[in-house]
Amino acid sequence: MSATPTPPPTDSDASKLELARRFIEAIPHSRALSMRVDAIGGGAATISMPYDLRLVGDPRSGVIHGGAVSALMDTCCGAAVMSHPEAPAGTATIDLRIDYMRAATPGQRITARAECYHITRSVAFVRASAHDEEAGLPVASATGAFTVERPKGGTQ
Amino acid sequence: MSRPKPEPVQIVKQRRDAALRTLVSGVPYIQFLGIEFDRRGDELTATLPFDEKLIGNPMLPALHGGVTAAFLEVTAIIELSWTLLWEDVEAGRIDLSSLDPTHLPRLPKTIDFTVDYLRSGLPRDAYARARVNRSGRRYASVHVEAWQDNRTRMFAQATGHFVMPDLSNG
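Just so you know, the sequences run in chain order A and B.
Going by numbering that gives the first Met the number 0, the residue at position 118 of the first sequence is 117; the numbering climbs one at a time, nothing skipped.
Going by numbering that gives the first Met the number 0, the residue at position 149 of the second sequence is 148; the numbering climbs one at a time, nothing skipped.
If we strip away everything but chain A, and leave its shape as in the complex, we get:
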């Protein structure tokens, strides 16, 4: 086995954010939903997606399907885990619970904000909420547990 190459000097926060943004926005399903990384770092992430007629779940009201909100929440929670200072090499969802408090207003952008509030050697605990363009009561909230993948050959 060859030795792990010395990591390059730590990037500035701005370039780290840019790297994470490019990584997340390159995920095929994130692209399909036109997700945009608005902020990421320190175990928290903010990701938003525009209203899209293809994502409508109730044709009578034009409200976005809960499943599309789940996809946004899941991506945002995973991004929060990846941005944690303990920097897992990767992560996967173990479980995710979403509470739908109210219907998102048709035509409005949905923004999710997730925070990894505790991390152990193997599990990351995350909570998140999603808002449309109206302040106040969130559209949905979520809590989840995620795996913490350690770098191969790492010392941890």
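Just so you know, these hints were derived from the structure itself, not from any lab.
Some clues are possibly wrong.
Derived DSS-like pairs: lysine-lysine, alpha-carbon spacing no greater than 30 Å straight-line [as the list claims (entries may be wrong)]:
no., chain 1, residue 1, chain 2, residue 2
1, B, Lys52, B, Lys108
2, A, Lys15, A, Lys151
3, B, Lys108, B, Lys4
4, B, Lys12, A, Lys151
5, A, Lys15, B, Lys52
Starting from the structure of chain A, add chain B where the hints point.
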């Protein structure tokens, strides 16, 4: 004792399939994900044919966790709506000629949905079946299981609670 002669099988099938098709085709998000429903009597099986845009981890590659959640939620909602619709379809109380998404009963609303990810979703077709564990006048509890190659090896399962549609203004 005499009973009415049973309807011809093709008439029964036609009516059931038309009701299911209307229920499913009326939801844009189901078309977006490409989910299809297969019917055997009243039993539904959802299929999510693999597509590149469903990928969440290009390195493995694996299905997006959000896609899995959405697939399970769609399956739960359609199953619950289908069980609500079934009696009306069977009794012929639904006029097939006027069937369009705006004339179907309102869909149940999700209160909460909890997904248990058992293994990563492979880049191939996925299947799901839902079971309505309780369905009252106001609330319902639905369980869903999803698998890929082997029925006994689930890759995800979920439980959701739903508010029933208000029948009085549906």
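Verification of the supplied hints:
Between B/Lys52 and B/Lys108 the alpha-carbon distance is near 26 Å, which keeps this suggested pair within the 30 Å criterion. For the hint linking A/Lys15 to A/Lys151, the alpha-carbon distance of about 21 Å falls within 30 Å, and the restraint holds. With a CA separation close to 39 Å, the supplied pair B/Lys108 and B/Lys4 exceeds the 30 Å bound. Our distance criterion of 30 Å between C-alpha atoms is broken by B/Lys12 and A/Lys151, whose separation comes to about 55 Å.
Taking the CA atoms of A/Lys15 and B/Lys52, the gap is about 26 Å. The hint holds against a cut of 30 Å.
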